[in-house]
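K.L.:
Please arrange chain B on chain A, whose structure you already have, making use of the hints.
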Amino acid sequence: MSESKPPDDTQTPATPPPSRERVRQARRRWLRTILLTGGVMGAALSGFLPLVYARTKRLRPPGALDEKDFLSSCIKCGQCVQVCPVQAIKLADLVDGFGVGTPYIDAREQACDFSCDAVQCILACPTGSLAYKKPAFLGSRKGARLAAAPILKAKEKDAEPTLNLSERIGVARLTRPEACLAIQGKGFKGQVRGPSFQGRLRYMEVDRWKPIGVAEHPYDLAECDLCVRECPVKGAISIETVFAPDGSKRKSPVVHEPCVGCGVCEMICPVEPTCIVVDAREVWNT
Amino acid sequence: MNQFLKRRFFDQIAVMFGREPKKPAAISAPAQQIHVLKRATNKEKLQAATLAHERAKKVHKWRNLRWAVLIVVNLMFTFSFWLDIQILEGALTASRFVGFHLIDLNSALQVMLAHKHIIVNLVIGTATVFVLWLILGGRSFCSWVCPYHLVAEWAEKIHLYLVQKKLVTDQNIDRRLRTLSWIVFAVLALATGYTMFESISPTGILSRALIYGPGLALLWVLALLVFEVFFSRRAWCRYACPIGLTYGVVGILSPVRVKYKLDSCFHEGDCRKVCLVPHVLDTVIKGRAVDTEVPIGPDCTRCGLCVDTCPTGSLTFDVKGLSKLL
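Protein chains in written order, with numbering that gives the first Met the number 0: chain A, 0 to 285; chain B, 0 to 325.
Extracted from the complex, chain B is given alone in its bound form:
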């Protein structure tokens, strides 16, 4: 990692906690060269490319795969209970995969802070899940497993339709709120001895509803979705959910990420339009990439929507180290 990427690495951590992305202070020489060359790009060529892109078929490869994984994982919980096949017992907050403990990191944190007593099974389960998401990419939990993410994606479609019809506008909110809510819920758990966040976590509520049957708690999830449809796009995941931040922190050192290649990018910005966390894609803005190849920051949910959308293949999934070997 050169000094430019190193600086960006720490920048992106600050961005995850809520700072707005800034123009980079320094850009590597090869990247600077490409930026300069791009200013002189033939306009006709660019237009032809844009046209070709507009005619191109929409790809949903990663999205379809991701939805399949998300649904299968959640149904594994459901059917383990319904059919009593005992593959994945429990709910998303804590479970057992063929007998082996798995415990959601944020739930574990809440319980540890509230109860102030940690038993061995809790440690085993938390450590396993920590390693799992360290390898698989931190917030990929959000987009590949969290059931709320899926229903929120559908609500987002309605929201975007209404925006297009000019019936609603997306009201953006200060992203530092998520960091604040993480701190508040951690302090509340520690101070009151109740796992406050667990009582309103739509992830837990939905997961339990899928396994043990629906309940009144789903009304809260519905309220969140209504808020997102009519008021603010993906508000819970973007601005409020402490689970996302917990997994984001795990993802800081994760080798699985989306990588951006500067030279082939047309800077159309389609990726930023589909992204749940567009602040991580600030690097695709013209003149911002600090190097010829830039990994996307830890707040990225590795959902692959940008990879599907990018007409030039400038955004791809990448496994640090592994790509070099292959």
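Chain A extracted, bound-state conformation:
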């Protein structure tokens, strides 16, 4: 075997004019280069499309910066996914555009129930996409900031009962009052969301450190108050007596300012589809 000479290895010091074949090769190479450039750039820019078309807001993990800042700072490593004790956090796929690999929470499937006590996902984030406290220069949308540190019902008797969280990730909203069992004065008996539901929740009376399947914890309630009963944050939601449009008095779940938007109410609502949802990135409007 002998070493084949590369095309530019000319022996004579004076460069002879390039052959027609060489010129053609060079031109083809340029075309290929442009083709590959176009392909890669096209693929990269295609990430914009979902951003332009899809306006569906996704619930980000607790402590997430505003969406634009979140997308620019998230390094897509999934460390928040790994630390979550209930695996509420999932990573987005290709169809989410710039969201490829960014974390989100599908609260109806598995809400964040703060059973880690310390908002571990924020602690795990290496780039500050999730932050206990937003850096000052990023600014804060009105109503996003919580009036006070939320008190975790599970830790209420502890020396430090609050959750290290300064901004909400959304706000719960009663979307289908007509179907709400509490408003109808109905009770609930059995497994919430059926026997095959995979979602988990921490039940303090069962095990403080180990969340169990919601399906393993059947209820027998004379009057449904699941969204209030299982809400992990103190004072975020309650059953109040309100006036119905026809003037009669009735009971209804009412969301209050401490709501952080964790989505447990959305997960635990036994009605299909759910009566209460978390509006992602919503702020508290007084």
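No lab work stands behind these hints: they were computed from the structure.
Label pairs and their calculated CB-CB ranges:
id	chain 1	residue 1	chain 2	residue 2	range
1	B	Ile182	A	Gly234	50 to 56 Å
2	B	Val186	A	Ala243	55 to 61 Å
3	A	Lys156	B	Leu131	45 to 51 Å
4	A	Arg175	B	Leu131	50 to 56 Å
5	B	Leu133	A	Leu34	32 to 38 Å
Keep in mind it's a predicted model, so treat the numbers as computed, not measured. Virtual Cβ for every residue (Gly too), placed ideally from N, Cα, C.
P.N.:
Showing chain B alone in chain A's frame:
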């Protein structure tokens, strides 16, 4: 470092950014002497050596070791999550090794440019990884850790088989494209505030797929592999990937590299045939070595394929400074 090697050192940096390797302008006297002697080499002797080489068994020492390391590193991520053993948490873009932050340099760069705000953990992780690859040889990240490199190597085997069957031809592309793509993605990150490259980085996509399960994003990786099999050999790693350039720059001053010895080389060029970045091996072409011993440039991925292939041991791994001590 003498003046000839110094000139080559800077030449090789330019070559990394996409310039074609050139014939050296000046060659040291001892090297020149060997070049002259080689022109007068006994042809029979050379033929005998070539024959012996053809009969020699193929060695895959470095390749096997490298594949083992690559697979173990990537599985460490996977099992840390699956078994919850918390050794290496996260993905290749950012992780924690027993609690200590590690952040991929290119991802860190994208985030810093897009977000324009740098927190302490990001600095710690980036600095650690920078020092790590400064010691271990820059682009050795590509061949020893990057999961896309491994699947691309397998795709390359298919490509080479098809080339041998004359079903496809390797279409080479201008290497300056990689520098261009680095600049474009950096500017895009800075201007749009989105980490554009991260959404198409096959390294990140594959790493996450291995840890968190497969997704549609793998289709993009598949498309790249198809392109490489049927159109252009190792196109992504050679002509497009900005991660390679980032680590290449880190490798400029790295002490770990492959070293070339002129006197024992037969100039058969087998090393250049197996190499991902054959432009760094231009020095093995007859008459090109500027000195009797020449370190291979920063774009080299330290994969060891040439070391395995070289029948005369003219290419070896070398640690600057350390070899002198031993």
